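Since chain R is already given, all that's left is putting chain U on it; use the hints.
As they're listed, the protein sequences go chains R and U. Residue numbering for the first sequence follows the working numbering, starting at 210 and increasing by one per position. Residue numbering for the second sequence follows the working numbering, starting at 213 and increasing by one per position.
Think of the hints as simulated: they come from the structure by calculation, not from any bench. All figures in this text were calculated on a predicted structure; none of them were measured in a lab. Watch out, some of these pointers could steer you wrong.
Computed footprint of chain U on chain R; a stretch qualifies when at least three of its residues, placed anywhere within it, have a C-beta under 8 Å from a C-beta of chain U [to be verified]:
id, segment
1, 272-279
2, 443-451
3, 484-498
C-beta atoms are modelled at their ideal positions from N, C-alpha and C, and glycine is treated no differently.
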Amino acid sequence: MASPPFATQRHARKKQPGALLRRSGAAIFLLVVILVTAACGGTSGSSNGSGSSSTPRVIKIGSIHPLTGALAGDGKQMDEAVRMAIDDINAAGGIKSLGGAKLAIDSVDTQGDPNVAQSEAQRLVNDGVAAMVGTYQSDATAEVAKIAERARIPLVIDVTAADDIMQQGYQFSFRIQPNATAMGTYGARYLKAISDAAGSPVKTVAYIHEESDFGTSVFKAFQAEAAKEGIQVVKEIKYNAFNVSDLTLELTQLKAANPDVIAATGYYKDSLLVAQNAASVMPNVKAMYGVANGAFDLPQFPKDAGKAGSFYFSSNYHWNALSSDANKIRSEFQAQYNDEMRTPAVFSYVAVQVIANALERARSTDAQALRNAIAQTSLNTSIFPFSGPIEFDSHGENKNAQPILMQVQNGSVVQVYPGQYAQARPIFPATPWSGGTK
Amino acid sequence: MSARGGVWQRSFAVSRKTWLLVGSGCIVLLLLIWAGSGTAWGRASYPVLLQALITGLLLGGVYSLVSMGLTLIFGVLDIINFAHGALMALAMYAAYLLVTFAAFNPYLSLLITVPLLFLLGFVLQRFVINRIMGQPAENQLLLTFGLALLVENALLLIFTGTPKALPAPFAQSSLHLLGAVVDIPRLIAFAGSLLLAGVLYFLLSRTTIGTAVRAVAENAQGAAMVGIDVRTIYALAFGLGTACVGAAGALVAPFLSLDPTVGEQFTIIAFVVVVLGGMGNVAGAFLGGLIIGLLQEIGGAFFPNINKLLIVFLVFVLLLLLRPQGLLGRKA
Numbered sequence: 210m211a212s213p214p215f216a217t218q219r220h221a222r223k224k225q226p227g228a229l230l231r232r233s234g235a236a237i238f239l240l241v242v243i244l245v246t247a248a249c250g251g252t253s254g255s256s257n258g259s260g261s262s263s264t265p266r267v268i269k270i271g272s273i274h275p276l277t278g279a280l281a282g283d284g285k286q287m288d289e290a291v292r293m294a295i296d297d298i299n300a301a302g303g304i305k306s307l308g309g310a311k312l313a314i315d316s317v318d319t320q321g322d323p324n325v326a327q328s329e330a331q332r333l334v335n336d337g338v339a340a341m342v343g344t345y346q347s348d349a350t351a352e353v354a355k356i357a358e359r360a361r362i363p364l365v366i367d368v369t370a371a372d373d374i375m376q377q378g379y380q381f382s383f384r385i386q387p388n389a390t391a392m393g394t395y396g397a398r399y400l401k402a403i404s405d406a407a408g409s410p411v412k413t414v415a416y417i418h419e420e421s422d423f424g425t426s427v428f429k430a431f432q433a434e435a436a437k438e439g440i441q442v443v444k445e446i447k448y449n450a451f452n453v454s455d456l457t458l459e460l461t462q463l464k465a466a467n468p469d470v471i472a473a474t475g476y477y478k479d480s481l482l483v484a485q486n487a488a489s490v491m492p493n494v495k496a497m498y499g500v501a502n503g504a505f506d507l508p509q510f511p512k513d514a515g516k517a518g519s520f521y522f523s524s525n526y527h528w529n530a531l532s533s534d535a536n537k538i539r540s541e542f543q544a545q546y547n548d549e550m551r552t553p554a555v556f557s558y559v560a561v562q563v564i565a566n567a568l569e570r571a572r573s574t575d576a577q578a579l580r581n582a583i584a585q586t587s588l589n590t591s592i593f594p595f596s597g598p599i600e601f602d603s604h605g606e607n608k609n610a611q612p613i614l615m616q617v618q619n620g621s622v623v624q625v626y627p628g629q630y631a632q633a634r635p636i637f638p639a640t641p642w643s644g645g646t647k
Numbered sequence: 213m214s215a216r217g218g219v220w221q222r223s224f225a226v227s228r229k230t231w232l233l234v235g236s237g238c239i240v241l242l243l244l245i246w247a248g249s250g251t252a253w254g255r256a257s258y259p260v261l262l263q264a265l266i267t268g269l270l271l272g273g274v275y276s277l278v279s280m281g282l283t284l285i286f287g288v289l290d291i292i293n294f295a296h297g298a299l300m301a302l303a304m305y306a307a308y309l310l311v312t313f314a315a316f317n318p319y320l321s322l323l324i325t326v327p328l329l330f331l332l333g334f335v336l337q338r339f340v341i342n343r344i345m346g347q348p349a350e351n352q353l354l355l356t357f358g359l360a361l362l363v364e365n366a367l368l369l370i371f372t373g374t375p376k377a378l379p380a381p382f383a384q385s386s387l388h389l390l391g392a393v394v395d396i397p398r399l400i401a402f403a404g405s406l407l408l409a410g411v412l413y414f415l416l417s418r419t420t421i422g423t424a425v426r427a428v429a430e431n432a433q434g435a436a437m438v439g440i441d442v443r444t445i446y447a448l449a450f451g452l453g454t455a456c457v458g459a460a461g462a463l464v465a466p467f468l469s470l471d472p473t474v475g476e477q478f479t480i481i482a483f484v485v486v487v488l489g490g491m492g493n494v495a496g497a498f499l500g501g502l503i504i505g506l507l508q509e510i511g512g513a514f515f516p517n518i519n520k521l522l523i524v525f526l527v528f529v530l531l532l533l534l535r536p537q538g539l540l541g542r543k544a
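Bound conformation, chain R alone (with noise of 0.2 Å):
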């Protein structure tokens, strides 16, 4: 398109091909370096899986997570609690009813693309594992169950949102995490039980999400439970997260449909960016309020948003901070890997607990035995903030789970409700350019 003013040049380095054939064999030296240094990543740790002569027979556990790109703060956490759990395990005698069996992990990277999750997840079933935990990511892990089914190897979804995922009639997929319908629904019965407990009552919401399928799933489902609750959306507002570096204009743009509050779904990054401008913005709102929100209740949300993060409310899948059990694994975690155990990370251990449980049960590590194994599961944890043990339904679903109301206060972020447990009372209305009080 442009003038190319190396053209003669070019044909002057024609003329020696022992330079090319060089330089060309330095590119390929660096090629090789950085395909080596990927197999390091991706591969580390698989090695101890196939140790399987002696009495303790090895039952290998696949662990497909994001580990490179955009995603991997998250999928690294969870492969390491995959690891974590398995080590305890180990550590506790194994799989009793098989004779103490040790669990080994398999781990492979999804590199947060559909494409490679699937071969990914192909790879470890011609590894022979008997089971597998994944992905974090809801198109990957539509890939992976795919596989799953056609392999007959049994799924353990510890994080993915989207609810078609488990509508297409698989047996062998099973979801631990509340999915997007019910984080939405939960989401907007709080919202009306908090307003309506602290005397002022919520009419109007505008709502921000991330375009994919998880943030336009949860908003459906807040939009449905919000109607029949009285509340009624007002304005909502789309943004591509991985392109995303400026919401201002979305804010305003929500600002002036003049809501009594503001929710948001979204990722860390775009929902911190929410926070940001939001407190330049200044809407006159009462609350501001994440649904499966992947921002307002982590721990570093408060450090880096600052002030601008005050108040925030977060209804979201979580640990259960007042569970000593919870606390213990987190502890746990942070002594290991000297990193703050996040959510997604917490439901990866528990994934392997739910396996775990099953084999005990199955006594067997056929595929088929096992899958029904981790059907019939119904195992108590007081890890999760759910309305009962994890027991699976026909789709595979975990029928109890349910997330929970958190609030950013005093930098940090509590548990307000349901009020089992609530470590403090919800401060409504409170945004933090108003103040506690409006």
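What follows is chain U alone, placed relative to chain R:
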């Protein structure tokens, strides 16, 4: 292939017609806003439109910042640098380290990140990029793309993928202008973009080195014949381009949380900006950045529920059809 023009001067060869084009675009825009304010709908959405204008301009400044270095490298070295975004992430992490561990003011960190990135760019060109100069595009693509992977994964290894935010002095402060909001850090980045464009203009058009850079961009063999050290100029130009993206990284760090892939979102837009402005044209990149920013935000104000980049790409495709050499580019 004429001998006139250069990295900067290309802009002035077609200036009258192009400025007419750009000017009429601006007038249409103002007319739209004026006509809009006459209607009830327009009055109701006046704050939104004004905000769109301001946000678009500020965001466009960021796009310009990132794109100027990329287009400079293309103009002089004829290399499409896919590692540009990764180098931006590198600069942001450098700023992050300086601010968190050496208690630097984020804007003072520019004094270190910019020379550092210049040096890195210089060395990178000398020992790595120089080996693929003038080779087929796929070799260049593989190498620069590989570099991007290398840098991003190294950052991932060191800093993990958890997003980090820079503690900045004015992060939460903003001006209120006729009902619209202007964030101070974004305003500073915009000013930085203007300043950088000015510095580049001065460097390229008023200094001996700049003249040499332009000469090499025009005709490397001819430049070599009059005694210009072409190899050094290549390394220098790549270093300059990298220093530009270094400045961009340090200037946006106060308002964007950083993770190892943070540069990717800008790389895509920067390529659009570079082509829009005329490939290799620094003034074009500056103007192109502002136009893309404005298009994106004003489009977003009128059509709130579609992907903002869709509007950008739509106009981009139209431009490629009507003016394939870019706004300030000349017909090849």
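Quick rundown of the hints versus the structure:
{"no.": "1", "hint": "272-279", "in the structure": "holds (count 3)"}
{"no.": "2", "hint": "443-451", "in the structure": "holds (count 6)"}
{"no.": "3", "hint": "484-498", "in the structure": "holds (count 5)"}
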